[in-house]
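Let the sequences and hints guide you as you build the complete structure.
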Amino acid sequence: MIVWFEYLLLGIAVLVGVFCLVLGFAGRKPSDYTLGATAVVELLLLAQLVMGVVVPLAGNPPTGSLPEFWVYLVSALLIPPAAVAWALVDRNRWSTAILGVACLAVAVMVYRMGQIWFVQVS
Amino acid sequence: MSEKSSSRAVGIGRVLIAVYAVLALAATARSVFQIATRFDTAPVAYLLSGVAGLVYIVATVALLAPGGVWYRVAWGTLAFELVGVLSVGTLSIIDPVLFPADTVWSMYGRGYVFIPLVLPVLGMLWLYRRRPAAEASN
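Each protein sequence line maps, in turn, to chains A and B.
End of the first sequence sits at 125 in my numbering; the numbers just go up one at a time, nothing left out.
End of the second sequence sits at 140 in my numbering; the numbers just go up one at a time, nothing left out.
Note that these hints are calculated values from the structure, not bench results.
Where is the CB? At the ideal position from N, CA and C, for every residue including glycine.
Check the hints yourself; a few may be wrong.
Part of the chain B face toward chain A, derived, beta carbon under 10 Å [claimed, not checked]:
#1 G13
#2 G15
#3 I19
#4 A20
#5 V21
#6 A28
#7 A38
#8 T39
#9 G113
#10 Y114
Listed below in structure tokens is the structure:
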């Protein structure tokens with residue numbers, strides 16, 4: 004992982020998460036904005052996937068467990084498409100809130116990925 | 003999701019179920035990894051984490067699926083989770099060696115922003131509001 008990219012991904016995931024939650028509880032159906040914003044989070048995760056492969060080869064290995072990092076990354080990659088699929092099938096306000104929940108879950112997982120890569124507690 | 007969906011998978015209940023699905027994924031994936039790589043350091047805690055993950059999966063399905071049987075299964079799994087998070091949470095404070103900090107229920111689910119502590123309670127409130135008798139009288 005690269006520090007600035009982690010913060011970018013984390014920041015955007017939190018912003019999109021809060022944005023979708025607010026619109027969801029305000030009663031909005033899933034729109035191009037909320038679905039598009041969730042897609043941006045997924046695209047950034049895909050970029051992180053590429054970087055997860057390239058960066059260790061370029062001489063920036065994780066300080067923690069690389070397999071554990073991958074468990075988080077692959078799990079995180081599954082979440083936004085699942086939420087988007089739900090939103091496309093079930094077009095009501097709660098699906099918008101679920102997009103928000105999905106992006107916040109991604110944010111938590113990116114935070115954990117950052118810890119695994121950069122911070123070792125014990 | 004479909005036109006003949008459960009009376010529990012409506013309204014804000016859908017958000018609750020989505021949170022359950024995410025927690026099920028997170029807890030199961032993590033415990034599988036822990037059991038595969040460092041099982042020996044805390045076998046009891048990691049096994050319990052694995053069981054917790056599986057129970058979250060069952061709870062997610064039970065909340066989604068219609069019918070009285072799934073309604074009772076949902077109550078059972080939610081009760082199991084609440085007892086689990088309370089007992090393991092307490093044990094992890096008394097005996098941190100037996101329950102290291104990185105399982106889903108230790109320190110009352112602190113590693114998961116206390117979602118494991120709050121979620122069964124919210125789930126039970128939701129199940130109570132959506133109980134079959136109340137549905138019939140509506």
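Verification of the hints:
Checking G13 of chain B against chain A by beta carbon gives a least distance of about 6 Å; that is within 10 Å, so the hint holds. The beta carbon of G15 of chain B comes within 8 Å of a beta carbon in chain A, closer than 10 Å, and the hint placing it at the interface holds. For the restraint placing I19 of chain B at the interface with chain A, the shortest Cβ-Cβ distance is roughly 9 Å, inside the 10 Å limit, so the hint holds. Taken as an interface hint, A20 of chain B checks out: its beta carbon lies about 4 Å from the nearest beta carbon of chain A, inside 10 Å.
Nearest Cβ of chain A to the Cβ of V21 of chain B: about 6 Å, under the 10 Å cut. The hint holds. With 10 Å as the threshold, the beta carbon of A28 of chain B comes within range of chain A, its nearest partner Cβ sitting at about 7 Å, so the hint holds. For A38 of chain B, the shortest C-beta to C-beta distance to chain A is roughly 9 Å, which falls under 10 Å, so the interface hint holds. Hint on T39 of chain B holds. Least Cβ distance to chain A is approximately 7 Å, under the 10 Å limit.
Taken as an interface hint, G113 of chain B checks out: its beta carbon lies about 9 Å from the nearest beta carbon of chain A, inside 10 Å. Checking Y114 of chain B against chain A: minimum C-beta separation of about 8 Å stays under 10 Å; hint holds.
Going down the numbered hints, you'll see the structure goes against none, and every one checks out.
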